[in-house]
Amino acid sequence: MLESFLQFTFSGLTVGAVYALVALGFTIIYNASDVVNFAQGEFVMIGGMSTVFLRQDGLPLAAAAALAIVLTTVIGILLDKLAIARAKRASVLSLVIITIGASIFLRGAAQLVFDKQLHRLPAFAGEDPLTLMGATILPQSLLVLAGAAAIFVGLWLFFNRSRTGKAVLATANNRLAARLVGVDTAFIMALSFGLSAAIGATAGVLITPLTLTSYDVGLMLALKGFAAAMLGGLGNPFGALVGGLAIGLIEAFGAGYVSSEYKDASAFLVILLILFLMPRGLFGKKTVERV
Amino acid sequence: MDRFLPSPTARILLALLAILALAPLVFPSTFYYRIFTLISINAIVVIGLVILLGYAGQISLGHAGFVGLGAYANAIGPTHLGLPPLLALVLGAALSAALAWLVGRPILKLRGLYLAVVTLGFGILVQMVLVNESWLTGGPDGMAVEDLGLVSLVKALGLKMKTAQVWYVFSGLMLLLAAWVALNLRDSPTGRALRSLHDSEVAARTVGINVARYKLIAFVLSAVFASVGGSLLALFNRFVTPDVAGFIHSVELVTMSVLGGAASVLGGIAGAALLTTLPQALTVFHDFETVILGLIMMGVAIFMPDGLLPNLANRAKRTRRTNR
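Going down the list, the sequences are from chains L and H.
Residues 1 to 291 (our numbering) make up the first sequence, in order.
Residues 1 to 324 (our numbering) make up the second sequence, in order.
With the rest of the complex left out, here is chain H:
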């Protein structure tokens, strides 16, 4: 039976593509295109965290810092330097990768979760710079972001689509790309090495894996995912504020990834979808947001350390076995 089906990676990607293609059929209004775009963009960042948390077993408490770098690269680059938006996105990702490499290299040589503290400080520092250097960043009020030109491109091609629909398609394709990269990484020698050190660093070292190097690769990759997600967010909203780099945003991202299941790409996407729609569904959510995030983090870590999706999958497997 398995021979006739495509590989697991292809199956997951096809399922995602099917969801993205069919979802608009049940959208009651264009507002839903916006929410799904936000989900896709958040999911891209969360997939980066899945690589760091789930594959390499390290946690970042300042990932919003990288999101902020990407977002402001697309705000500052075109406005102050006249760069085309796509180049700004690439430069933001390169800057994030370079910073992650610089900070991560010495720290990931140490055993333990020092990366958590360092990234916490990093995120706070990025936000501090964004707030204080208002000549460049507009300060606490934020700044406008130049258009990517997607809509005019689509018009030039002769297609009739609303802005929200164009972004829905674009962000969905970017999400598929991110998921493809992460899933391929998982099954590559690098991914295997990463997962082996997540299970046991000592064992990984014994079989000749350069543990520090692979952790660093995971951290740099996750920073790039976050930065690209940040750029997309800025381009989609056409506006950025320093909050995008804030600690609460970092915690939201970590909660999304642990909620769905930190070791699985699909889990990460599910976590992003849940926590992005929740505030839209419950308007009171805003006041209780931090309390709820805290409860989710504690609850998941205590009661289902593998996250929601793997936990449900295990249960389904178990009941299927007992039914047999």
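So here's chain L without its partners, still in its complex pose:
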């Protein structure tokens, strides 16, 4: 009884850390530009898939992973420069259509450039499971958790200690005011997209040894990351972390105790419940408007 409870907790926290990273990516772009980036899940997919294929081409794992993250970052910046920044006066609706289009395009391109198969990576620190009070935990899970924690701490430092980070926060607060005091908001936008893409790609690299990857995993990750961001309160990085872990746990316990066939439905139910009951999420700003 306790073993299975612990087991579900571990697996929930591990996938939850990935959802938290996707939600963090949403949050960064949403804060900088008010764009809800539906292509966020594709960054995770590209990170994982390109690591797999670069490794097949003979690169060592670490180099393949690093190159994959750089590649995804470039794609993120291109998404901003070629699409989002060009549609400056576009309505929110058009921006949603653009990011959906980007998501579909990247998914289709991945299917052409890579393939339609499922792929996995070897675990970075060995496959031997550790045992804790009867429940097993893979070293890779610990790496995922540690990686997520490092990214959150690093971003906190970046936003609160560095000048550029503060410029991002200023842009998030009020774009016009930020521009007036000399912040290059176009650069901040590109930076936010690059950063989000890098975070997504890192999540993809870390989780692929555990969950496998293929060209079409991005959509589900985007939906779950969005659920996490909604739960935590859209726009709040700390909320993204809490929301991500919570969605991971809900999903793991739902799969363990209720139905594994419908585990993917839990994120959707969470989104519905939040929108019905508390549209600001747990830690959101009080700016959700009712009409």
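Hints were generated in silico from the structure; no laboratory data involved.
Don't be surprised by glycine CBs; every beta carbon is placed ideally from N, CA and C.
Misleading hints may appear alongside valid ones.
To be clear about the criterion: a stretch of chain L counts as covered by chain H if any three or more of its residues have a C-beta under 8 Å from a C-beta of chain H, and this derived list gives those stretches [claimed, not checked]:
1) 80 to 91
2) 99 to 108
3) 257 to 266
4) 270 to 276
Below, a sample of chain H positions facing chain L; criterion: calculated Cβ distance under 8 Å [said to hold, decoys possible]:
5) I107
6) L110
7) L113
8) Y114
9) A116
10) L125
11) N132
12) F247
13) V251
14) D287
15) F288
16) L293
17) L295
18) A301
Derived DEER-like restraints, expressed as beta-carbon distance ranges [said to hold, decoys possible]:
19) L:S260 x H:P189: 48 to 54 Å
20) H:S134 x L:F124: 37 to 43 Å
21) H:V26 x L:R86: 39 to 45 Å
22) L:V74 x H:S29: 47 to 53 Å
23) H:F239 x L:V153: 52 to 58 Å
With chain L fixed as given, assemble chain H onto it according to the hints.
Just chain H now, kept in the frame of chain L:
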């Protein structure tokens, strides 16, 4: 001059009727009746999306979910419950309307595009149920659909028509009906209210429009259009698979509506016609489908936010003015 012509709505409907009546004259084979039937059925769903996107300014990323509900209503109803196909079609539409109302009511009270995320999840959930509950739906392999009985009806009337021709006429009439409903809605008080909130929600509210209510009306209507389209698709193909409710299908539908011009019924029909014939014309299209859909969505949203038809119309107007 305008006095001697019928109203704009009637003109559009007459033009559609003329196209549908004359097109068979240039059809090289019965295969073309099939394609035009598919275009008509897709256009019915897209017209529903035009009401949601173009009139109310909301986007649905799971509209194929409603198409799937309609399609499977016509697969499950007659097979498992012995319902007549037409009743199954109506019940499917009623179920879709009820679900759209339940989900849309709380969400459309919020400002923003939460409907996009919720419908995305809804579509995925519908497909998940269709795949998993194979005792009812046949699972991933799909299931056969009972005949609507159109062809035997036509035979009983003493007309000699091929199945493809019967469906061409039937789906064309349904398309005209859908276009008529949407065009009338556009010029009704409800349509005006919807378009006013598309332009500015604040302004709409100031003049006393219950914004949430009208958005909900648009969403429910679009769900009904999608469900009826799904039922027709199932009856026409005589077979359904869960793919009909899939995300890619939802994206195809949204692309059709933004491509032609999300705010215009004719644009929606043009978008449906283009994206339905493209895969038939280019056999390589299948491999590149998602890439092309993505490029179209991004390109239209960036370079011609009003869509293809209104964009061309504007250009024509501009050149006419400069020529004068």
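The hints, checked one at a time:
| no. | hint | verdict |
| --- | --- | --- |
| 1 | 80 to 91 | holds (count 5) |
| 2 | 99 to 108 | holds (count 9) |
| 3 | 257 to 266 | holds (count 4) |
| 4 | 270 to 276 | holds (count 4) |
| 5 | I107 | holds, 5 Å |
| 6 | L110 | holds, 5 Å |
| 7 | L113 | holds, 5 Å |
| 8 | Y114 | holds, 6 Å |
| 9 | A116 | holds, 6 Å |
| 10 | L125 | holds, 5 Å |
| 11 | N132 | holds, 5 Å |
| 12 | F247 | holds, 6 Å |
| 13 | V251 | holds, 5 Å |
| 14 | D287 | holds, 7 Å |
| 15 | F288 | holds, 7 Å |
| 16 | L293 | holds, 5 Å |
| 17 | L295 | holds, 6 Å |
| 18 | A301 | holds, 4 Å |
| 19 | L:S260 x H:P189: 48 to 54 Å | holds, 50 Å |
| 20 | H:S134 x L:F124: 37 to 43 Å | holds, 39 Å |
| 21 | H:V26 x L:R86: 39 to 45 Å | holds, 40 Å |
| 22 | L:V74 x H:S29: 47 to 53 Å | holds, 49 Å |
| 23 | H:F239 x L:V153: 52 to 58 Å | holds, 54 Å |
Consistency with the previously given hints is maintained throughout, with no hint failing.
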